[in-house]
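Trainee: Listed here are the chains, written in short residue letters.
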Amino acid sequence: GQQLNQSPQSMFIQEGEDVSMNCTSSSIFNTWLWYKQDPGEGPVLLIALYKAGELTSNGRLTAQFGITRKDSFLNISASIPSDVGIYFCAGQRRLDANTGTASKLTFGTGTRLQVTL
Amino acid sequence: EAGVTQSPTHLIKTRGQQATLRCSPISGHTSVYWYQQALGLGLQFLLWYDEGEERNRGNFPPRFSGRQFPNYSSELNVNALELEDSALYLCASSLFGGPDTQYFGPGTRLTVL
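Line by line, the protein sequences give chains G and V.
Residue numbers for the first sequence follow the numbering used here, so the first one is 1464 and each next one is one higher.
Residue numbers for the second sequence follow the numbering used here, so the first one is 95 and each next one is one higher.
These are calculated hints, taken from the structure and not from any lab test.
Do not rely on the hints blindly, as some may be mistaken.
[To be verified] A partial selection of chain G residues facing chain V, derived with a Cβ cut-off under 7 Å:
(1) Pro1502
(2) Glu1504
(3) Ala1511
(4) Ala1515
(5) Gly1516
(6) Phe1570
(7) Thr1572
(8) Arg1575
(9) Gln1577
[To be verified] Using C-beta positions, here's what the derived DEER-type ranges look like:
(10) Thr114/V - Phe1475/G: 37 to 47 Å
(11) Arg1556/G - Ser101/V: 22 to 32 Å
(12) Thr114/V - Lys1514/G: 39 to 49 Å
(13) Gly146/V - Asp1501/G: 25 to 35 Å
(14) Phe1475/G - Thr108/V: 32 to 42 Å
(15) Glu169/V - Gly1503/G: 14 to 24 Å
Ideal Cβ positions, reconstructed from N, Cα and C, are used throughout, including at glycine.
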């Protein structure tokens, strides 16, 4: 199945450092989402982006919807140990132009983040 | 408000058997999505149900099937289990209509021996 290209694949950073990761696609998406998944659990939604160029923050997290609609970025500032986990981007296309109904998510390959003290 | 729930938490089967996984969406959500996440890999879309109908299907063989009930809960059935079907199966729900956001359940860990 199709997956989005997400980089980096993994990161080891020190507590307090900032983190950046990105997601790219060969096709356009109408919505970009960022999830975090802890081991053995389902992904938890962090940030949703609905417009090209949109910049949205959620606490220490900031995400941007790329102008081309083919990419998105997630930044985590001042990382803490509980930021450890796998971060997934997901793109979603709008199926029906009239109602705006959306469809399945296409996920990125994930970025595994490990934070050392 | 209760989130998406899935049952069972873990399921162990042998090759050739059938597995049934269940999902209850967030109250008010009409769409249910199923994803497969093999160990160490990303999520692969399986099926999308809304108002009792299958709306879309991922690149999986026909032995992966499901249904959605009038109360919007859903079942995923996997027939003739193969070893490579071992994975975390995740269910997500969303509202239908307008830009929507999918919320995930904790998943069912299926192990095929």
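Trainee: Evaluate each hint against the coordinates.
Mentor: Against the structure, the hints come out as follows:
Proximity of Pro1502/G to chain V is violated relative to the hint, the smallest CB-CB distance being about 10 Å (cut-off 7 Å). With a cut of 7 Å, the hint placing Glu1504/G at the interface with chain V holds, because the nearest CB-to-CB distance is about 5 Å. With a least beta-carbon distance of about 5 Å to chain V, the hint placing Ala1511/G at the interface is held under the 7 Å criterion. The restraint placing Ala1515/G at the interface with chain V is violated, with a minimum CB-CB distance near 13 Å, outside the 7 Å limit.
With a least beta-carbon distance of about 16 Å to chain V, the hint placing Gly1516/G at the interface is violated under the 7 Å criterion. With 7 Å as the threshold, the beta carbon of Phe1570/G comes within range of chain V, its nearest partner Cβ sitting at about 4 Å, so the hint holds. Because the closest C-beta pair between Thr1572/G and chain V is about 5 Å apart, less than 7 Å, the hint holds. Taking 7 Å as the C-beta cut-off, the interface hint given for Arg1575/G is violated, the closest approach to chain V being about 9 Å.
The criterion of a C-beta within 7 Å of any C-beta in chain V is not met by Gln1577/G, whose closest approach is roughly 15 Å, and the hint is violated. Taken as a hint, the range 37 to 47 Å holds for the pair Thr114/V and Phe1475/G, whose Cβ atoms sit roughly 41 Å apart. Distance hint check: the CB atoms of Arg1556/G and Ser101/V are about 31 Å apart, consistent with the given range 22 to 32 Å. Our hint of 39 to 49 Å for Thr114/V and Lys1514/G holds, since their Cβ atoms are close to 40 Å apart.
The hinted range of 25 to 35 Å is satisfied by Gly146/V and Asp1501/G, whose Cβ atoms lie roughly 33 Å apart. About 39 Å separates the C-beta atoms of Phe1475/G and Thr108/V, a value consistent with the hinted range of 32 to 42 Å. Under the hint 14 to 24 Å, the C-beta atoms of Glu169/V and Gly1503/G, about 22 Å apart, fit the expected range.
Figure legend: structure checked against the earlier numbered hints; hints not met, in rising order: 1, 4, 5, 8 and 9.
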